[in-house]
Structures are given as structure tokens and as C-alpha cells.
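Order-wise, the sequence lines are chains A and B.
By the count of the working numbering, the first sequence reaches residue 248 at its end, each step adding exactly one.
By the count of the working numbering, the second sequence reaches residue 1322 at its end, each step adding exactly one.
Because the hints were derived from the structure by calculation, they are not lab data.
Hints should not be assumed to be uniformly reliable.
Computed list of lysine-lysine pairs in DSSO-like fashion (alpha-carbon distance at most 27 Å, straight line) [as the list claims (entries may be wrong)]:
1. K1107/B / K1027/B
2. K1293/B / K1278/B
3. K227/A / K246/A
4. K2/A / K198/A
5. K16/A / K1293/B
6. K1278/B / K1193/B
7. K1313/B / K227/A
8. K219/A / K1027/B
9. K1210/B / K246/A
10. K25/A / K1129/B
11. K1087/B / K1027/B
12. K1318/B / K219/A
13. K1013/B / K163/A
14. K1027/B / K246/A
15. K246/A / K1016/B
16. K1318/B / K1278/B
17. K246/A / K1318/B
18. K246/A / K1309/B
19. K1059/B / K1210/B
20. K1210/B / K1016/B
21. K163/A / K1064/B
22. K223/A / K1278/B
23. K1193/B / K1027/B
24. K163/A / K1016/B
25. K50/A / K163/A
26. K1293/B / K223/A
27. K1059/B / K1011/B
28. K1315/B / K227/A
29. K1129/B / K1011/B
30. K1193/B / K1013/B
31. K223/A / K16/A
32. K1087/B / K163/A
33. K1059/B / K246/A
34. K227/A / K1016/B
A short, non-exhaustive set of chain A residues, derived as facing chain B with CB atoms under 7 Å [claimed, not checked]:
35. D27
36. G30
37. V34
38. T131
39. N136
40. G159
Note that the structure is predicted; figures quoted are calculated from it, not measured.
For every residue, glycine included, the Cβ atom is placed at its ideal position computed from N, Cα and C.
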Amino acid sequence: MKILVCISNVPDTTSKINFTEGDTKFDTNGVQFVINPNDEFGLTRAMWFKEKQGATVHVVTVGGAQTEPTIRKALAIGADEAIRVNAEPTDGFFVAKQLAEVVKSGGYDLVIAGRESIDYNGGMVPGILATLLDMNFVNMCIGLEIDGTNATALREIDGGKEKLTTSLPLVIGGQKGLVEESDLRIPNMRGIMMARKKALNVVEPVDAPQPTNDQKFEKPAAKGPVKLVDAENVGELVNLLHNEAKVI
Amino acid sequence: MSVLVYTESLKGKFKKNAFEAASYAYKVAQDMGGSVTAVTFNSENDAELGAYGVSKVLKISNDKLGTFNAKAYADALSQAAEAEGAKVIILSSSADTKYLAPILTTKLNAGYVPNVVAAPDSTSPFVVKRTAFSNKGFAHTEITSDVKIIGVSSNAFGVVENNTTASLENFNPSLNDGDFAVQSVEVDRVTGKVTIADADIVVSGGRGLKGPENWGMIEELAEVLGAATACSKPVSDLGWRPHGEHVGQTGKPVASNLYIAIGISGAIQHLAGVSSSKVKVVINNDPEAPFFKAADYGIVGDAFEVVPKLIEKLKEFKAQNA
Ligand SMILES: Cc1cc2nc3c(=O)[nH]c(=O)nc-3n(C[C@H](O)[C@H](O)[C@H](O)COP(=O)(O)OP(=O)(O)OC[C@H]3O[C@@H](n4cnc5c(N)ncnc54)[C@H](O)[C@@H]3O)c2cc1C
Ligand SMILES: Nc1ncnc2c1ncn2[C@@H]1O[C@H](COP(=O)(O)O)[C@@H](O)[C@H]1O
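Based on the sequences and whatever the hints tell you, model everything.
Shown next as C-alpha cells:
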């Protein structure tokens, strides 16, 4: 089985978000970039398929040269090869088109992407990719087993979960649950050394439309101070929620 | 011009997000000069949609679509969009809708913007405001494609009544085997409980509650308020609560009217997921807990003393206001 894990390079979850150039760009100053958390769960599940079922695992990112440390980290965790499509990922449809080219030329059976990138929260790249290539697709995937070309997947639904069956070739939009938090791996020294020798192929983008563009950003309005209620006077909270906030 | 809206139902009944999406569609139709056509799947009360501005319903009745199937639903919706010549399509932000949206987008060669929180800034050019960076910011995003798809966030635009009369028309999409290549074999949905996605009020517990055995009071508080229960990430990582309850940047977003955080410190990743909630209450025994900076109301105190009192006071309040 040949697996491609799609990795988006995102600000670390602890990052403070600021904008620059007249609020038209995300300010990357002082921001640490990491593997998108949803993709980290997917990559870890791919490692399981590699170790238990002999799969080959490649990783891909669409991004500039500055994203290379992030894909090197994926190689250090155990992916066999990496591909970087040399383009700025400014639109979900555009990114999916680039990934579709990589999937076609690499002949992958399973594409593991994330439910969403935690930066622009498009939540669309895996679904567009699957539809462009007419591959099967499971979103918000929280469990995946492969047996030959048969796949059994769990997906999160509002208020529960659903079990699905389908077949390869398959694209998933994965998230926590694919593996447990405690299964996530931190690259060790040996992995980091080995990663240096692994191939990181840079390919140029294909032409593709970009149907959306972000024109301006803003931060949420600053909050007023909290109104404290004495622990001995809990009834006052009920009163405030009813009469002032009008939410009960 | 018609604005198409996908109005979601469960077991024949519309979800609240269907009315919210219809209300949004009506606003877009007014701005652009047009009317709203809804697409329904096996729903029972199509005429209800008239109250939210829908003037035409394309009614799909098909047993094969009795259980949600993303690809088949997307195929049906794309055929409806083409039949209507719709240029704008409005969706909700439910788990099912976020599953079908990218498929629909590709079929229609459309531009798709999810998590939209307000009526369009303008319709020509077409610019909408959405959340970005997991609710740590907003983006004003332009859609330049001919067909445009908007995913409306829950509880942001709200449900607006616009009395219209909805005419019904049966619609029979032609579906193929490929639409059912992913098959549902088992749906495990908690019944009789409010889900986080639909809840007006969410009661959430953190590691400060010490262990799963202490969730009884959280459940009881939720029950008194008619609320959904949720938790912080470590609580689900530790297996005290199911993963589906984990809220935050890497879990579910919450956009309720009221969010009550009990024994949750207020880490940046947690706050990102709840920043769209309108009113936030924190109960924590540490006055320095960061959550107090993000909350509207707070009680500094021991949850094990405060929560039972709060339940008692709410019961009294309910009895008086019944
Ligand atoms: C990549 C990444 C992603 C993450 N994503 C998320 C996410 O999506 N969602 C999320 O929630 N977290 C997330 N986290 C974790 C986050 O950083 C915090 O660790 C977590 O939110 C803390 O959970 P908590 O507040 O329940 O626990 P703690 O931080 O341990 O806080 C417990 C609180 O309970 C209070 N307390 C203790 N006893 C009592 C009592 N008797 N009565 C009242 N209060 C009491 C304490 O004062 C304390 O403030 C993420 C972390 C990382 C690294
Ligand atoms: N620039 C990118 N390069 C590679 N994969 C990406 C990129 N952007 C998004 N993806 C994949 O698509 C998923 C969903 O991203 P999005 O649709 O941007 O929210 C991510 O979790 C990644 O797996």
C-alpha cells in the first residue's frame, strides 16, 4: 500500500495571532510553525500502517522553502520520502489541484489529510482532492482499518459516531481519534539523522484557479473585565444570567 | 436569480441550523434581488420553511437517502443547483454539511467559504466575513467564481422570520452506484441529549474536577439548563469523557449563547474554541486562572461547593418562572 500524508504547515497552537501590512497578511514574526495537529494524527496512523502492514509513506506539502523544517520533521518521525510543491497555499481549491497532480503521478492508494488546517480553517482540501480524482472520501475520520482494498472507517457526527465501509483508493480528512494523543511521536536523534538522507523532492505548481482570496483580517474586539460573583452568593449569578445577559 | 439553501433535517424534522441557513439565504436574495429555493431530503414539514423566507422547496423523497451519504447528497444538491441556475448556495456548519461541502464545491466548480459569521460585506464583489485561525481572528474573504458556496456558522447570523409562502415541487435527482461507494453500516448517536453543535447552552468541565466520577454534577447542571456537556482536551485524553466532547482549537468549536467552564484553566487552545460563545461563565478556585480574563461572569471558588449551590438556585429559578 502506498500512502500519501498531506501536511499543512501552521502556527503552533500557542501562537498569538497578529496581522500586518494594513491587516492584509498574517504576521509570521516570532511565530513557530508546526505540522498541523490533525495531520500529525494522520501521520502517526500512517506509521502504524507502515510498521504493521508494510506500507510506504510519503508526505507532501504545498508551500515555500520556509516549510521545509516542518516536512523534515515528518521524515524524522518516519515517513520515507517528502514532496514539496513550490507555491504559496492561498486557496483551498488551488492546493487541492496541486495535491491531485502529486497523487496522480505517485499512484497512491490512500491519502491521509486532516479535517482542517488550524490556520485558515478551510476544511475543504481533502474533499476537493477526492472529488477531483474520483477517489472515495471520508471526512472527520476518527478510526481507519485497511484490509486488502477494503476500508472500514469511523467518522465523527454531531452527537456520536458512524461506522462506514468503502474501498481504496481513498482520501480521508482525519483528526484526533485516528490515534490516541499518547501515540504521537517526538522525533528522536536517530530519526533526525536519517531524515537528512531522505529525499525531499521539490516540484513546481500547475496552473489552477483560485476562487477565493482573503482581503483583510481583523482580531476579535477586546473584552471588558469579568464581573465576579461571590461564591457565597451563587443566586446572584442566576439573576445576572437572566436579567442582564438574558441567556437563561 | 435564486439562492439555493440546503435545509438539513434529522428523522424528518428540520434542524435549527436549517432555519438559520434559510434566514441567511433570504438576506442574500434580498441584497442581490432574487428568491430562495430550499432543497429538502425526506423531511415532513416543508411548508415550515416559508416562515424563514423560502419561496420554493425542491422536495427530495428517496429511501436510499434515508441515511446521510455525503457524496449522494452532494450529487443531488448539485443537480438542484443546476436546475435552478443558482449562483449562491447556502450551507450550515454541521458535521454532515462540512462533509458534503467540498464535494459539492468541486462538482459545481465553485468557491467555498466556511465559518461565515455575518451577512455579506458586499455582494458585488462578493465578500464575506468568516472566522480564521481557529477563532483567534476574522477574515474578509472574496469569492470570485461564478458559483459561490457559503457555510454559515451556527448561532452567528441567527434565525430571522420572514413570512413567505413556500411552494412545493418534487425533485428526483438521478443517482448512480458511485454515489454510494462509501456506505454507512452503523450510526451511534446519543439520543435524548443536546449535542454541542445544536446547543444554546454548554456546560464544560476540566481537569479541576479531578476524575470522571465527579461528572454527575456536571450532567445535572446541564440537565437543569437543557444544555450539552463538553470538556477540555486533557479530560478526553485521560478517557474521563468521550472525544466528541473535547472543545477547543483541536476539538470542536462552540458557538453557544452561554458557555459555563468549570475547573478549566483557560489555555489559549481551549479559549480559541469557545470565543464565539456569546456569554462565558467561569468557576475556578484559582483567581489567577487565565479564563477569568476571557469570561463575562466568574466565581472564584471550589467547584464542589459552587456547582451544587448553582444547581439548587437554578431549580428555584425554574420553579418560579415555570
Ligand atoms: C497542540 C495542542 C493542542 C491543544 N488543543 C486543545 C484544545 O483543543 N482544547 C483544550 O481544552 N486544550 C487543548 N490543549 C491543551 C491546553 O494547552 C491545556 O493543557 C488544557 O486546556 C488544560 O485543560 P484544563 O483546563 O482542564 O486543565 P488544567 O490546566 O489542569 O486546569 C485545571 C483548572 O481547574 C482548576 N481547579 C482545580 N481544582 C478546582 C476546584 N476544586 N474547583 C474549581 N476549579 C478547580 C485549577 O485552578 C485549574 O485552573 C492543547 C495543547 C496542545 C499542546
Ligand atoms: N498547503 C498544504 N499542503 C499540503 N496539504 C495541505 C495544505 N493545506 C491543507 N492541506 C491538507 O488538507 C487538510 C485540510 O486543510 P484545509 O482544507 O486547508 O483546512 C490539512 O489538514 C492537510 O492535510
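Structure-based check of each hint:
In summary, the hint linking K1107/B to K1027/B is supported, as the alpha carbons are separated by about 25 Å, within the 27 Å threshold. Annotation: proposed proximity of K1293/B to K1278/B holds, straight-line Cα distance about 15 Å (limit 27 Å). Restraint check for K227/A and K246/A: satisfied, since their Cα atoms lie roughly 15 Å apart, inside the 27 Å limit. Distance hint between K2/A and K198/A is fulfilled; the C-alpha atoms sit about 17 Å from each other, no more than 27 Å.
Restraint check: the Cα-Cα separation between K16/A and K1293/B comes to about 15 Å, which is no more than 27 Å; the hinted pair holds. A C-alpha spacing of about 22 Å is found between K1278/B and K1193/B, which places the hinted pair at or below 27 Å, so the restraint holds. Straight-line distance between C-alpha atoms of K1313/B and K227/A comes to about 19 Å, which keeps the hinted pair within the 27 Å bound. With a CA separation close to 25 Å, the supplied pair K219/A and K1027/B stays within the 27 Å bound.
Under the criterion of a C-alpha separation no larger than 27 Å, the hint pairing K1210/B with K246/A is inconsistent with the structure, at around 31 Å. For a cut-off of 27 Å, the pair hint linking K25/A to K1129/B stands: about 15 Å separates their Cα positions. Distance restraint check for K1087/B and K1027/B: the Cα-Cα separation of roughly 15 Å lies within the 27 Å cut-off, and the hinted pair is therefore satisfied. Restraint check for K1318/B and K219/A: the C-alpha separation of about 38 Å exceeds 27 Å, so the hint is violated.
Annotation: proposed proximity of K1013/B to K163/A holds, straight-line Cα distance about 23 Å (limit 27 Å). For the proposed pair K1027/B and K246/A, the alpha carbon gap of about 26 Å is at most 27 Å, so the pair holds. For the hint pairing K246/A with K1016/B, the CA-to-CA distance comes to about 20 Å; that is within 27 Å, so the pair holds. Pair hint K1318/B plus K1278/B holds up; C-alpha atoms about 22 Å apart against a cutoff of 27 Å.
Restraint check for K246/A and K1318/B: the C-alpha separation of about 14 Å stays at or below 27 Å, so the hint holds. The straight-line distance between the Cα atoms of K246/A and K1309/B is roughly 20 Å, inside the 27 Å bound, and the hint therefore holds. Note on K1059/B and K1210/B: the hinted pairing is violated, with a Cα-Cα distance of about 50 Å set against a maximum of 27 Å. The hinted pair formed by K1210/B and K1016/B fails the criterion: a straight-line CA distance of about 35 Å is larger than 27 Å.
At roughly 17 Å between alpha-carbon atoms, K163/A and K1064/B fall within 27 Å of each other, so this suggested pair holds. Between K223/A and K1278/B, the direct Cα distance comes to roughly 11 Å. Compliance with the 27 Å bound is thereby established for this hinted pair. Restraint check for K1193/B and K1027/B: not satisfied, since their Cα atoms lie roughly 32 Å apart, outside the 27 Å limit. Between K163/A and K1016/B, the direct Cα distance comes to roughly 25 Å. Compliance with the 27 Å bound is thereby established for this hinted pair.
Among the hinted pairs, K50/A with K163/A is consistent with the structure: their alpha-carbon atoms are about 23 Å apart, no more than 27 Å. Between K1293/B and K223/A the CA atoms are separated by roughly 8 Å; this keeps the pair inside 27 Å, and the hint holds. Annotation: proposed proximity of K1059/B to K1011/B holds, straight-line Cα distance about 15 Å (limit 27 Å). Restraint check: the Cα-Cα separation between K1315/B and K227/A comes to about 23 Å, which is no more than 27 Å; the hinted pair holds.
Of the supplied pair hints, the one linking K1129/B and K1011/B is violated, its CA atoms being roughly 32 Å apart against a limit of 27 Å. Restraint check for K1193/B and K1013/B: the C-alpha separation of about 16 Å stays at or below 27 Å, so the hint holds. Among the hinted pairs, K223/A with K16/A is consistent with the structure: their alpha-carbon atoms are about 16 Å apart, no more than 27 Å. Of the pairs offered as hints, the one joining K1087/B and K163/A is violated, with about 34 Å between alpha carbons and a cut-off of 27 Å exceeded.
Restraint check for K1059/B and K246/A: the C-alpha separation of about 37 Å exceeds 27 Å, so the hint is violated. This hinted pair does not check out: K227/A and K1016/B have alpha carbons roughly 31 Å apart, beyond 27 Å. Given hint, D27/A at the interface with chain B, is violated; its Cβ is 11 Å from that chain's nearest Cβ, farther than 7 Å. Proximity of G30/A to chain B is violated relative to the hint, the smallest CB-CB distance being about 15 Å (cut-off 7 Å).
Hint status for V34/A: violated, given a least beta-carbon distance of 12 Å to chain B, over 7 Å. Because the closest C-beta pair between T131/A and chain B is about 4 Å apart, less than 7 Å, the hint holds. Checking N136/A against chain B by beta carbon gives a least distance of about 5 Å; that is within 7 Å, so the hint holds. Residue-level restraint check for G159/A holds (minimum Cβ-Cβ distance to chain B is 4 Å; threshold 7 Å).
Violated hints, in rising order: 9, 12, 19, 20, 23, 29, 32, 33, 34, 35, 36, 37; the structure is consistent with all others.
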